[in-house]
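Protein chains in written order, with the working numbering: chain U, 52 to 620; chain R, 3 to 326.
Check before you lean on any hint, since a few could be wrong.
As the list claims (entries may be wrong) - Reference listing, derived: stretches of chain R covered by chain U, where coverage requires no fewer than 3 residues with Cβ under 8 Å from a Cβ of chain U: (1) 255-264; (2) 275-282; (3) 296-304.
What the hints assert, rightly or not - One-sided excerpt, in silico: chain R residues whose CB lies under 8 Å from chain U: (4) Ile137; (5) Gly267; (6) Lys268; (7) Cys269; (8) Val270; (9) Pro271.
Keep in mind the hints are simulated off the structure, nothing from the lab.
These figures come from a predicted structure and were not determined experimentally.
Yeah, the Cβ is synthetic: ideal placement off N, Cα and C, and Gly gets one too.
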Amino acid sequence: MIITIDNKTIECEEGETILQVARRVGIDIPALCYHSDLPIKANCRLCVVEIEGMDRLQTSCSTKVKEGMVVKTETDEILQTRKVNLELLFAAHVEKCPTCVYDNRCKIQDLAEKYNIKIDDRMKDRKHGRETYVFGKAVKIDLSKCVDCQNCVDACQLQQARFLETRGKGYKTQILPADDGTKDCIYCGQCVAHCPVGAASEYNNINEVEEAIRKLDKIVVAQIAPSIRSSIGEEFDYAGGMVSVQQLAEAMRIIGFDKVFDTCVGADITTIEEAKELVERLETGNNLPMMTSCCPGWVKYVEFYHPEFIPNLTTVRSPQTILGGIVKTYYARLQGINPEDIVVVSVMPCTAKKFEIARDELKLENGIAPVDYVLTTREMAVLLKKYKVNPFNVKGCPLDNPLGDPTGAGIIYGASGGVMESAIRTAYFMVMGEEFQGINYEKVRGIKGIKRGTLKLGGRDLRVVATSGMENAVKILEEARQNPYVYDYIEIMACPGGCIGGGGQPIPVDDTIRLRRAKALYALDQNSPIRVAHKNQSVIKFYEDFLDEEDGREELLYTHFRNRKIGRR
Amino acid sequence: MNLIQKLKRSGLAGRGGAGFPAWKKWEAVKQTPNKEKYVVCNLSEGEPGVKKDKYILDNYLKVLIEGIEAAMKTVGARHAIIALKDEYYDKVSDIVKEHIGNESIDIFRKSGGYISGEETALLEAIEGQRVEPRIKPPYPTTDGLWHCPTLINNAETLYSAGLVSHGKYKNERLISISGDCPYTGVFSVPENFTIKQVLELSKNIMTYDYFVQAGGGASGIVLNRNQLNRPLMGMGAIIVHKRDITKVGDLALKWAKFFRDESCGKCVPCREGTYRICEILESEKPNWDMLYDIFDTMEKTSFCAMGTMASAPFRSLVNNVLTK
Numbered sequence: 052m053i054i055t056i057d058n059k060t061i062e063c064e065e066g067e068t069i070l071q072v073a074r075r076v077g078i079d080i081p082a083l084c085y086h087s088d089l090p091i092k093a094n095c096r097l098c099v100v101e102i103e104g105m106d107r108l109q110t111s112c113s114t115k116v117k118e119g120m121v122v123k124t125e126t127d128e129i130l131q132t133r134k135v136n137l138e139l140l141f142a143a144h145v146e147k148c149p150t151c152v153y154d155n156r157c158k159i160q161d162l163a164e165k166y167n168i169k170i171d172d173r174m175k176d177r178k179h180g181r182e183t184y185v186f187g188k189a190v191k192i193d194l195s196k197c198v199d200c201q202n203c204v205d206a207c208q209l210q211q212a213r214f215l216e217t218r219g220k221g222y223k224t225q226i227l228p229a230d231d232g233t234k235d236c237i238y239c240g241q242c243v244a245h246c247p248v249g250a251a252s253e254y255n256n257i258n259e260v261e262e263a264i265r266k267l268d269k270i271v272v273a274q275i276a277p278s279i280r281s282s283i284g285e286e287f288d289y290a291g292g293m294v295s296v297q298q299l300a301e302a303m304r305i306i307g308f309d310k311v312f313d314t315c316v317g318a319d320i321t322t323i324e325e326a327k328e329l330v331e332r333l334e335t336g337n338n339l340p341m342m343t344s345c346c347p348g349w350v351k352y353v354e355f356y357h358p359e360f361i362p363n364l365t366t367v368r369s370p371q372t373i374l375g376g377i378v379k380t381y382y383a384r385l386q387g388i389n390p391e392d393i394v395v396v397s398v399m400p401c402t403a404k405k406f407e408i409a410r411d412e413l414k415l416e417n418g419i420a421p422v423d424y425v426l427t428t429r430e431m432a433v434l435l436k437k438y439k440v441n442p443f444n445v446k447g448c449p450l451d452n453p454l455g456d457p458t459g460a461g462i463i464y465g466a467s468g469g470v471m472e473s474a475i476r477t478a479y480f481m482v483m484g485e486e487f488q489g490i491n492y493e494k495v496r497g498i499k500g501i502k503r504g505t506l507k508l509g510g511r512d513l514r515v516v517a518t519s520g521m522e523n524a525v526k527i528l529e530e531a532r533q534n535p536y537v538y539d540y541i542e543i544m545a546c547p548g549g550c551i552g553g554g555g556q557p558i559p560v561d562d563t564i565r566l567r568r569a570k571a572l573y574a575l576d577q578n579s580p581i582r583v584a585h586k587n588q589s590v591i592k593f594y595e596d597f598l599d600e601e602d603g604r605e606e607l608l609y610t611h612f613r614n615r616k617i618g619r620r
Numbered sequence: 003m004n005l006i007q008k009l010k011r012s013g014l015a016g017r018g019g020a021g022f023p024a025w026k027k028w029e030a031v032k033q034t035p036n037k038e039k040y041v042v043c044n045l046s047e048g049e050p051g052v053k054k055d056k057y058i059l060d061n062y063l064k065v066l067i068e069g070i071e072a073a074m075k076t077v078g079a080r081h082a083i084i085a086l087k088d089e090y091y092d093k094v095s096d097i098v099k100e101h102i103g104n105e106s107i108d109i110f111r112k113s114g115g116y117i118s119g120e121e122t123a124l125l126e127a128i129e130g131q132r133v134e135p136r137i138k139p140p141y142p143t144t145d146g147l148w149h150c151p152t153l154i155n156n157a158e159t160l161y162s163a164g165l166v167s168h169g170k171y172k173n174e175r176l177i178s179i180s181g182d183c184p185y186t187g188v189f190s191v192p193e194n195f196t197i198k199q200v201l202e203l204s205k206n207i208m209t210y211d212y213f214v215q216a217g218g219g220a221s222g223i224v225l226n227r228n229q230l231n232r233p234l235m236g237m238g239a240i241i242v243h244k245r246d247i248t249k250v251g252d253l254a255l256k257w258a259k260f261f262r263d264e265s266c267g268k269c270v271p272c273r274e275g276t277y278r279i280c281e282i283l284e285s286e287k288p289n290w291d292m293l294y295d296i297f298d299t300m301e302k303t304s305f306c307a308m309g310t311m312a313s314a315p316f317r318s319l320v321n322n323v324l325t326k
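Construct the entire structure; sequences and hints are all you get.
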């Protein structure tokens with residue numbers, strides 16, 4: 052059908068809303084509480100438009116298009132009411148811009164500028180003194196900045212934790228954590244990913260990392276997760292531009308990191324061990340279906356909500372944990388450094404990784420943690436910008452990888468289905484003695500919530516499913532509960548789209564952005580000289596040199612999980 | 003003639019304040035195909051100064067129940083719910099239960115204050131959700147209680163429908179009169195009567211200077227004694243204020259606090275606007291420009307009728323009383 056917006060005739064489909072159509076053609080109608088992932092709420096009232104034939108302004112986010120509709124998006128009346136609503140909103144949001152991770156990339160800062168809002172002029176902030184909550188030292192909710200849009204509550208519902216609740220009425224409304232002991236935060240950070248202001252954000256580790264860099268007697272080693280390379284560009288307004296890890300590495304060295312490694316190498320080791328564990332379980336028939344465990348949000352969900360599935364989790368450590376452990380043992384020994392003088396900083400798309408690194412189960416023999424700090428993609432961008440270093444403006448330099456470069460299999464970990472596909476490539480080789488035909492297993496790729504497939508593995512069918520977003524994960528769990536034989540291997544990522552859609556990733560995010568970020572990783576894989584983890588020669592050498600002679604195998608490569616359901620109120 | 007046709011002929015308008023033709027709503031629910039449908043009798047009576055639905059409970063309960071049952075039969079609903087204001091629930095729930103007898107009508111103790119009288123907010127309350135209005139469309143007639151087609155009517159509307167079904171409807175409406183006047187209470191008056199005629203009928207002839215708030219003690223508009231030759235719009239209530247003993251500042255602040263405390267908090271203009279209105283009225287040097295900016299924004303962009311109508315009493319107090 053055809054509608055008119057601001058005298059532009061536009062083709063659109065039935066079922067679309069005015070806001071969706073407007074955005075599609077580049078007409079920017081502000082909308083704080085709208086997100087394509089979440090139910091439409093129409094509570095911020097910023098997106099109102101004038102529709103011919105209707106005497107009241109209507110919210111464009113909730114109004115479906117009709118044939119011949121004539122819409123105006125910026126009449127005097129709309130501008131006036133929008134200004135007042137923004138004034139009201141700013142008076143319900145304590146401005147903490149200099150220390151906010153959104154500073155200079157903030158939706159409402161932009162709106163204040165566009166509409167000439169005199170912040171805190173006629174009305175004073177009413178949320179001074181509201182509490183800040185910290186969960187797992189991973190996610191932080193500062194209620195003094197909250198504009199009551201309810202996006203975080205909706206996201207937490209979708210993510211099945213249902214931990215954030217709206218309590219109270221009217222101006223006393225607050226978003227509060229559930230406190231009856233039956234719910235807990237899983238640290239996935241989807242609240243952060245959907246917050247239009249900086250109220251929900253990652254727990255901030257920038258200052259501690261700066262401190263470590265400042266200390267001359269510490270060697271600060273950074274590792275870069277797969278997802279970062281296809282996403283951090285968005286923080287520098289290079290949405291389509293890929294930054295290479297070499298460029299990132301140079302940029303990070305300039306701001307003071309001593310060494311830069313690639314987490315994808317850790318991912319190659321995770322793949323090898325996970326494939327071994329899969330093959331073993333297939334042979335014994337024990338603890339199937341096997342479920343991935345490198346997603347700490349998913350793991351927290353299992354430990355707290357469904358500990359009965361703990362035996363199904365793989366016992367292989369996550370890539371960042373393995374690589375961090377190698378840095379503090381193998382690499383430390385190689386370089387003659389005291390592990391206590393090494394500070395490992397992971398750059399991750401994830402908030403839950405901040406919780407993961409504090410897990411007791413991951414401590415190495417000497418009580419040292421494999422990773423000391425996690426910075427999200429956003430935090431790393433803030434840090435780079437603080438020191439005025441743009442990774443796109445540097446040539447790039449080789450990484451310090453103690454184990455050489457990763458294979459393509461390590462790079463695709465950031466996309467939903469990537470862990471599984473990597474493990475399948477290697478497991479297939481282990482069982483069949485030849486490479487998986489075509490290398491790629493595209494059945495488990497893409498941003499669809501649930502991706503199922505069956506492949507032949509040594510005379511049997513291997514039934515697999517890769518799922519992302521907890522809303523989809525619980526459906527698969529239910530299937531597995533009803534019939535433990537329906538799947539052999541399950542990949543679960545808490546965040547929609549996988550890690551590239553993680554809680555620490557650049558905002559905004561939507562399915563289009565997720566797809567682009569994932570595709571970029573698969574393209575890197577496709578162009579990699581080596582595409583399977585088991586052919587990573589440096590990793591093979593490392594196994595021979597270090598792992599085979601050490602008893603430390605267990606502690607470097609494996610972990611276990613804890614039932615967190617007990618001891619609840 | 004079936005009941006819907008009778009309702010159409012009678013011209014019965016919804017008595018909950020909006021005045022929507024009753025027959026249209028009934029017809030819409032009837033025409034929506036679904037196995038499960040509901041009738042909800044809205045007896046929230048949350049508007050201050052209104053006691054007409056309580057009057058029905060006390061005096062015409064039987065006819066009200068008959069109206070509900072007629073509605074159920076007409077639209078095809080197997081279940082009905084009477085949502086009773088909290089304080090009424092304690093007083094009359096036993097009596098109501100006795101009258102009902104049959105199990106397909108339930109009584110619901112309505113909480114959530116003023117906003118839960120808004121029809122979609124009431125549905126949310128019954129469903130056990132946060133008491134906030136829903137986006138419309140869809141309307142309750144197609145997507146109501148538990149997403150089933152639902153006929154939700156003010157209690158007086160269903161009572162009047164009961165009268166229509168017995169052929170006893172006289173095109174009258176119930177009006178609560180209260181305040182600084184000799185005769186307070188609930189009066190049944192012809193529905194086209196002007197406010198002046200209502201006061202005369204109830205023998206409320208005042209010689210002193212007074213103004214009224216017509217349509218409810220919260221969102222009703224203020225009219226001076228020379229403006230009463232008009233029909234009573236909105237909810238059936240007239241509150242009389244004797245001019246010389248009424249502190250208008252206190253009255254305005256009372257309204258402001260009511261709206262601030264009753265706002266559900268869902269939308270920016272109402273949640274924040276009602277807070278700021280109180281702040282302005284309580285301040286030493288009120289910023290009147292800002293007040294009117296907020297009124298304007300609330301009227302034009304609030305999510306529901308509470309926000310859009312909250313400014314009405316203030317504006318009309320100024321225009322019709324303070325500047326005259």
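Verification of the supplied hints:
{"no.": "1", "hint": "255-264", "in the structure": "holds (count 3)"}
{"no.": "2", "hint": "275-282", "in the structure": "holds (count 5)"}
{"no.": "3", "hint": "296-304", "in the structure": "holds (count 6)"}
{"no.": "4", "hint": "Ile137", "in the structure": "holds (5 Å)"}
{"no.": "5", "hint": "Gly267", "in the structure": "holds (4 Å)"}
{"no.": "6", "hint": "Lys268", "in the structure": "holds (5 Å)"}
{"no.": "7", "hint": "Cys269", "in the structure": "holds (5 Å)"}
{"no.": "8", "hint": "Val270", "in the structure": "holds (5 Å)"}
{"no.": "9", "hint": "Pro271", "in the structure": "holds (6 Å)"}
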